[in-house]
Amino acid sequence: MMEKVLRRFFRYDHFRTGQQEIIESVLSGQDTLAILPTGGGKSICYQLPSYLQPEGLTLILSPLLSLIEDQVMQIKQRGERSVAKLTSLETREQKEQVLHQLPRLRYLYLSPEQLAVPQVKQRLADVKINLFVVDEAHCISQWGHEFRTDYAKLGHVRRQLGNPPCLALTATATKRVEQDIVEGLLLQQPNRIRHSVNRPEIQLIVDQAEQDDKDRLLEAWLKKVERPCVIYTTTRREAERIAQQITNAAYYHAGLEAEDRQLIQQQFLYDEIDCLVCTSAFGMGVNKGNVRTVIHYTMPATIEAYMQEIGRAGRDGKPSTAILLYAPGDQRLQHFLLEKQYAPSLWIDQVVEGRRRHESFETMEHRLGLDPDDPAYRLLKVQLMDGKSRSDIIDWQEARKKIRLRELMQMINYIQNTLCRRAFILHHFDETAVVQDRCCDLCGNLTEDKPIIQTEDDQLNWKRRLEEVFFSSRHSV
DNA sequence: CGCTTACTACTTACGTAGTAAGCGGTGCTGTAAT
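So in the UniProt record's numbering the end of the first sequence lands on 477, straight run, no missing numbers.
Any given hint could be a false lead.
[Unchecked claim] Calculated cross-link-like contacts (lysine to any residue; reagent style SDA-like; alpha-carbon spacing at most 25 angstroms):
| no. | residue 1 | residue 2 |
| --- | --- | --- |
| 1 | 175 | 341 |
| 2 | 402 | 235 |
| 3 | 76 | 223 |
| 4 | 288 | 327 |
| 5 | 76 | 259 |
| 6 | 175 | 373 |
| 7 | 388 | 160 |
| 8 | 95 | 118 |
| 9 | 95 | 69 |
| 10 | 381 | 348 |
| 11 | 388 | 337 |
| 12 | 340 | 319 |
| 13 | 214 | 243 |
| 14 | 318 | 274 |
| 15 | 175 | 198 |
| 16 | 318 | 337 |
| 17 | 402 | 183 |
| 18 | 95 | 150 |
| 19 | 381 | 318 |
| 20 | 223 | 201 |
| 21 | 76 | 9 |
| 22 | 401 | 338 |
| 23 | 340 | 391 |
| 24 | 214 | 198 |
| 25 | 76 | 94 |
| 26 | 402 | 376 |
| 27 | 153 | 179 |
| 28 | 175 | 41 |
| 29 | 318 | 221 |
| 30 | 340 | 318 |
| 31 | 318 | 201 |
| 32 | 288 | 271 |
Bear in mind the hints are in silico, worked out from the structure with no lab data behind them.
Start from the sequences, fold in the hints, and give me the full structure.
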């Protein structure tokens with residue numbers, strides 16, 4: 001039966017690994033958390049069940065407008081017309097029309113922010129929702145706490161919509177991320193379907209250097225590795241600077257116009273450019289099979305982010321390479337960026353005091369010179385509007401910073417690890433290490449399944465090392 | 001916080017040291033009312 005639907009509506013003869021299991025779980029009405037390798041055909045997992053149900057809507061929450069556009073287009077291309085999207089790109093009339101069509105609609109794509117709009121929520125509450133899908137569900141953990149807080153509220157919204165079954169999909173999730181997803185979506189005894197996050201086709205290399213040698217090192221690696229190649233940097237300026245030094249390269253970051261971003265992504269996709277230098281803005285939803293190399297000029301803030309980013313290599317399954325360049329002190333920028341997300345206690349005090357005097361946020365913004373677009377200030381505002389007190393917020397900030405510094409430490413541990421890079425990463429994702437060829441710079445093809453490095457239970461050591469890494473310049477004796 | 005850039009001061013001939021200012025990621029968004 002399922003194969004028949006697969007052939008008829010999706011024109012595939014067979015399911016790929018994991019798809020069937022997820023679909024069965026979805027059809028059983030259970031909450032499902034699925035960790036599938038990238039490019040594993042995730043969309044079929046939530047699109048197919050709809051054809052086996054007599055009526056009802058499939059709601060798909062997606063993090064990027066561009067992703068929503070792509071998905072809707074792909075569905076239409078396969079001949080399904082009962083699909084719509086609800087984003088800020090639609091006009092008021094279009095939105096109204098979509099909300100009017102709801103009872104007859106099969107798929108609705110929207111951003112998490114749209115679900116915070118009262119009218120959207122109300123109209124959706126009147127409709128039968130078969131499935132509540134959260135695509136790229138790691139965003140709940142990655143963005144939900146600080147940056148896009150509507151992600152953290154999806155569970156409550158789901159309750160308000162009659163608690164339809166939920167399917168959360170992602171490619172990479174540690175236990176912590178999994179926990180964030182379960183809590184954020186209020187999943188009830190979810191069926192957890194896990195596939196290994198290991199990407200055996202990608203060999204892992206870390207190259208440590210002095211800051212001044214990095215450009216030369218990058219140049220040397222570029223002579224050795226195959227293209228197409230993605231180079232990740234932390235800052236936009238660095239992405240632009242490095243792109244200039246490389247032939248047939250372009251840069252990509254969030255400071256570009258949406259049109260330019262799309263154009264460059266397309267050029268890279270069609271091999272007109274074979275080297276893309278970018279910030280973390282690049283990658284989500286990019287389906288390019290032949291990326292041979294991912295180089296990190298500077299490290300990301302977490303191992304999960306690192307896995308997401310190197311995961312863009314070798315989707316065609318052919319041998320690929322991930323290289324991370326590290327110079328002492330590289331973590332400081334990540335540390336700064338992390339700190340910058342939280343309001344300084346001065347702001348908290350000032351704004352709490354202003355509210356006590358019934359001053360509006362707008363007035364305070366003027367009086368105190370606060371930028372209403374600053375994410376840290378916006379987060380503070382959300383928390384205060386949610387009824388949080390000064391001490392709630394301070395305690396929460398402390399707890400979050402501690403978690404995130406620890407994640408950053410894990411990234412450093414990966415770099416300074418001396419056993420096996422792959423084993424370290426798999427261990428981080430609570431998987432057992434595997435032995436394989438083309439493994440990493442530390443073990444080559446001689447991988448052994450050994451106990452790996454310290455983990456969270458190494459409390460004392462952790463604190464000491466944290467001080468060493470972040471404060472050594474000031475506190476050295 | 002730490003790195004880079006811009007400017008100033010002082011010295012002494014076009015250069016250098018010292019200080020101040022600026023910068024550093026990710027994306028969504030009913031936006032009320034004249």
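How the hints compare with the structure:
1. 175 x 341: Given pair residue 175, residue 341 holds - Cα atoms ~24 angstroms apart, limit 25 angstroms.
2. 402 x 235: The hint holds at about 24 angstroms.
3. 76 x 223: violated, 43 angstroms
4. 288 x 327: violated, 30 angstroms
5. 76 x 259: holds, 22 angstroms
6. 175 x 373: Given pair residue 175, residue 373 is violated - Cα atoms ~33 angstroms apart, limit 25 angstroms.
7. 388 x 160: holds, 22 angstroms
8. 95 x 118: The given pair, whose Cα atoms are some 13 angstroms apart, holds under the 25 angstroms limit.
9. 95 x 69: Holds, because 15 angstroms separates the two Cα atoms, which is no more than 25 angstroms.
10. 381 x 348: This hinted pair holds, its Cα atoms lying about 9 angstroms apart.
11. 388 x 337: holds, 24 angstroms
12. 340 x 319: Judged against 25 angstroms, a Cα distance of about 38 angstroms means the pair is violated.
13. 214 x 243: With a Cα-Cα distance of about 14 angstroms, the restraint between residue 214 and residue 243 holds, given a limit of 25 angstroms.
14. 318 x 274: Between residue 318 and residue 274 the Cα gap is close to 17 angstroms, so the pair holds against 25 angstroms.
15. 175 x 198: Distance ~15 angstroms between residue 175 and residue 198 Cα, so the pair holds.
16. 318 x 337: violated, 35 angstroms
17. 402 x 183: holds, 19 angstroms
18. 95 x 150: holds, 20 angstroms
19. 381 x 318: violated, 48 angstroms
20. 223 x 201: Status holds; Cα separation ~21 angstroms.
21. 76 x 9: Roughly 11 angstroms between the alpha carbons, so the hint for residue 76 and residue 9 holds.
22. 401 x 338: Roughly 8 angstroms between the alpha carbons, so the hint for residue 401 and residue 338 holds.
23. 340 x 391: holds, 19 angstroms
24. 214 x 198: violated, 28 angstroms
25. 76 x 94: Satisfied, since the Cα-Cα distance of roughly 17 angstroms is no more than 25 angstroms.
26. 402 x 376: holds, 17 angstroms
27. 153 x 179: holds, 15 angstroms
28. 175 x 41: holds, 23 angstroms
29. 318 x 221: holds, 19 angstroms
30. 340 x 318: It is violated: about 39 angstroms lies between the C-alpha atoms, which goes past 25 angstroms.
31. 318 x 201: holds, 6 angstroms
32. 288 x 271: holds, 10 angstroms
Checked against the numbered hints above, the structure breaks hints 3, 4, 6, 12, 16, 19, 24 and 30 and satisfies the rest.
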